[in-house]
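Listed in order, the protein sequences are those of chains A and B.
Just so we're aligned: 355 in the working numbering is position 355 of the first sequence, and the numbers increase by one with no gaps anywhere.
Just so we're aligned: 2 in the working numbering is position 2 of the second sequence, and the numbers increase by one with no gaps anywhere.
Note that these hints are calculated values from the structure, not bench results.
Glycine included, every Cβ here is placed at the ideal spot set by N, Cα and C.
Check the hints yourself; a few may be wrong.
Claimed, not checked - Partial list, derived from the structure: chain A residues whose beta carbon lies under 8 Å from chain B: (1) Lys140; (2) Thr141; (3) His178; (4) Gly180; (5) Phe316; (6) Ile318; (7) Asp320.
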Amino acid sequence: MASASQRASFEIFEIIKNGKRVDVSGNGLSATKVTTFDYYESLLSPNVTGVLSVADIASSVQYDSKYDKQQRFGTLSSALPLTGDVDVKFKIATKYGTLDFSKNPLIFDKEIIPNQGSNREVIIMNLFSAYSKATQLPVKTKYTGNISSSVRRLIKDYLKVPDNKIFTTNSKNAWSFHGGNECLYKVLCEKVAPRTVPAKGNPGYFFYETQDGFNFRAIDELISQEPVANYYKNEVLRANLDNDKNDFKILSKTDVKRDDLITSIKSGIFISRNIFWNPLTSEYIEKTFKLDGLEESLGKIDIDIPDLESYTRTHFHILDVGGSDPGIGYEINNNPVEWVAKSTMRYNSLFSQIIQITVPCNVSLRAGNVINCDFEIISQDNKYEGAIDGTQSGKYLILNLCHHFDAINSYTSMTLVRDSYGRHGRGA
Amino acid sequence: MEFNNLSKQPSNKYLGVVVNFDDQKDQATGKGWGWRYKVAIMDSYSNTIDIADAEIEYAICIFPVTAGSGGAGRSKSAKIVQGDIVILEKISGIPHIVGLYGRTSQIVYGEGRFDAKSGFYGGLKPGNILNNQEINQCSGHCTPRPLNTGSGSDKSKKRKTPIDKLAEIGIDVFAAAATGDFVSPIVSVASEFLP
Numbered sequence: 001m002a003s004a005s006q007r008a009s010f011e012i013f014e015i016i017k018n019g020k021r022v023d024v025s026g027n028g029l030s031a032t033k034v035t036t037f038d039y040y041e042s043l044l045s046p047n048v049t050g051v052l053s054v055a056d057i058a059s060s061v062q063y064d065s066k067y068d069k070q071q072r073f074g075t076l077s078s079a080l081p082l083t084g085d086v087d088v089k090f091k092i093a094t095k096y097g098t099l100d101f102s103k104n105p106l107i108f109d110k111e112i113i114p115n116q117g118s119n120r121e122v123i124i125m126n127l128f129s130a131y132s133k134a135t136q137l138p139v140k141t142k143y144t145g146n147i148s149s150s151v152r153r154l155i156k157d158y159l160k161v162p163d164n165k166i167f168t169t170n171s172k173n174a175w176s177f178h179g180g181n182e183c184l185y186k187v188l189c190e191k192v193a194p195r196t197v198p199a200k201g202n203p204g205y206f207f208y209e210t211q212d213g214f215n216f217r218a219i220d221e222l223i224s225q226e227p228v229a230n231y232y233k234n235e236v237l238r239a240n241l242d243n244d245k246n247d248f249k250i251l252s253k254t255d256v257k258r259d260d261l262i263t264s265i266k267s268g269i270f271i272s273r274n275i276f277w278n279p280l281t282s283e284y285i286e287k288t289f290k291l292d293g294l295e296e297s298l299g300k301i302d303i304d305i306p307d308l309e310s311y312t313r314t315h316f317h318i319l320d321v322g323g324s325d326p327g328i329g330y331e332i333n334n335n336p337v338e339w340v341a342k343s344t345m346r347y348n349s350l351f352s353q354i355i356q357i358t359v360p361c362n363v364s365l366r367a368g369n370v371i372n373c374d375f376e377i378i379s380q381d382n383k384y385e386g387a388i389d390g391t392q393s394g395k396y397l398i399l400n401l402c403h404h405f406d407a408i409n410s411y412t413s414m415t416l417v418r419d420s421y422g423r424h425g426r427g428a
Numbered sequence: 001m002e003f004n005n006l007s008k009q010p011s012n013k014y015l016g017v018v019v020n021f022d023d024q025k026d027q028a029t030g031k032g033w034g035w036r037y038k039v040a041i042m043d044s045y046s047n048t049i050d051i052a053d054a055e056i057e058y059a060i061c062i063f064p065v066t067a068g069s070g071g072a073g074r075s076k077s078a079k080i081v082q083g084d085i086v087i088l089e090k091i092s093g094i095p096h097i098v099g100l101y102g103r104t105s106q107i108v109y110g111e112g113r114f115d116a117k118s119g120f121y122g123g124l125k126p127g128n129i130l131n132n133q134e135i136n137q138c139s140g141h142c143t144p145r146p147l148n149t150g151s152g153s154d155k156s157k158k159r160k161t162p163i164d165k166l167a168e169i170g171i172d173v174f175a176a177a178a179t180g181d182f183v184s185p186i187v188s189v190a191s192e193f194l195p
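Between the sequences and the hints, there should be enough to build the whole structure, so can you do that?
Shown next as structure tokens:
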């Protein structure tokens with residue numbers, strides 16, 4: 001049985017500019033071919049990206065006559081050349097699905113050439129989603145009403161994405177906002193996402209792109225998903241030649257962060273003072289937010305809360321009273337009382353544990369998926385009574401994801417985050 | 001994104017133009033609350049009208065310490081009009097007007113959103129003395145001043161010194177001026193006012 005970490009098949013891998021098409025898949029006669037390819041998704045990135053490394057023996061593309069009168073063969077970098085609009089189309093077949101960007105190619109961003117000779121060179125190309133140019137466009141329009149509906153309209157207006165490629169969590173609050181000529185990515189990630197309250201759960205959203213399309217999803221909805229895969233890590237070598245179990249073995253694990261009490265205290269996760277001032281009535285409203293558990297969590301919802309005598313962070317807001325109203329306006333626009341403290345808590349607590357793992361390639365995974373990880377208990381006692389560490393094991397949210405392909409192997413690396421310890425639920 | 005600073009919004013300065021009072025009529029004519037004006041911030045809005053002027057957000061006026069807040073009955077009104085170029089500061093995301101540019105005598109009016117426009121609107125009409133001048137610069141306004149030539153309807157005719165009238169009050173215009181030329185007037189003062 002083939003392993004998921006074996007070499008993947010590049011069914012299509014083409015670099016296209018102005019109708020010139022260069023096959024770098026290694027399947028045809030061209031000796032210019034891909035050496036490595038990394039595909040990235042992240043909850044913190046509005047676009048999918050890639051890094052492509054190509055060994056170029058300067059024989060696959062001819063110069064244009066305006067650059068070389070003899071129209072000799074040259075490198076992709078100079079003869080194509082890699083400037084302006086360059087598309088990179090690919091379709092990679094793996095054991096657990098196909099990474100298909102043949103209909104919606106990535107676009108070339110920039111290159112570096114780390115190795116160059118007189119008749120060959122190695123090019124490393126940074127690639128971005130075809131929508132990345134549009135995510136840099138300024139948002140000039142104003143949106144009013146339910147936030148998730150506004151975001152759907154905004155994505156359709158500016159990115160021209162079909163409805164079936166937009167995935168949103170319905171929000172319960174409304175907000176009247178305008179883009180202020182800031183780029184779509186900034187508007188959605190920094191302005192809108194923290195101010196949006198889902199119909200169920202805490203405020204706080206992510207705006208990101210995956211293979212499937214664009215997502216504007218509530219953190220609480222993401223973490224309440226069922227795991228899409230189960231991975232395990234132990235030091236025992238098992239043959240597993242008759243099943244796929246080795247495909248779900250964690251090959252390496254690095255702890256990036258495991259709690260950070262002082263930072264958490266400083267960021268006001270546990271107790272925060274929230275001040276709101278109303279410019280119409282001059283009312284000063286002070287509310288203290290105290291965390292006594294998580295409504296939704298990846299691990300246990302009754303988390304350990306440090307003993308604190310006072311609040312450790314103050315949020316201040318001037319209320320927007322009728323500021324965007326065409327008339328006079330006496331209504332408060334998206335009252336921050338409803339979201340500011342909880343949103344801060346939600347984002348900060350989500351990143352309380354960060355780990356990185358590498359597993360055999362699995363292109364069916366997406367940033368924003370939840371996976372289950374079982375880690376081996378570290379103990380001198382018998383492990384036949386149970387070999388799983390009950391604290392570290394459980395559900396994790398995929399924050400960043402990279403599918404790596406080279407001439408020999410295919411792997412998936414992930415940054416996983418978690419807001420609490422243990423398996424999901426309350427108590428032991 | 002810096003997650004630890006969700007509520008931290010830098011207080012940047014902006015330049016904007018107060019949009020036409022027709023698009024903020026109720027507020028501009030005193031039916032609204034506070035001193036607020038709809039300001040098209042130059043960074044945030046464009047000359048291609050994607051958002052109508054009436055849909056632009058309000059900015060709140062900040063007063064100097066000498067103006068008073070209205071407390072103890074002390075206050076001075078804002079004197080902002082349509083077309084004024086104002087300086088804004090965003091506090092907690094809300095734009096506040098903190099100052100404005102004076103209009104120069106070289107001002108060029110236009111029809112675009114960000115073009116200069118006359119501040120005269122509704123009850124604000126050109127006055128008798130300054131007429132329709134709309135400037136605030138160091139040279140000052142052009143104002144009427146008294147002229148020392150001419151008299152009556154014929155401005156070319158030089159006015160004569162009234163020698164006989166001056167003589168009636170004891171002034172000899174041909175004699176050199178001397179101390180005591182003017183005699184103190186004789187008045188009767190009630191005794192209670194005397195020292």
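Evaluation of the provided hints:
no.: 1; hint: Lys140; result: 4 Å, holds
no.: 2; hint: Thr141; result: 5 Å, holds
no.: 3; hint: His178; result: 6 Å, holds
no.: 4; hint: Gly180; result: 4 Å, holds
no.: 5; hint: Phe316; result: 6 Å, holds
no.: 6; hint: Ile318; result: 4 Å, holds
no.: 7; hint: Asp320; result: 6 Å, holds
The structure agrees with every numbered hint stated previously.
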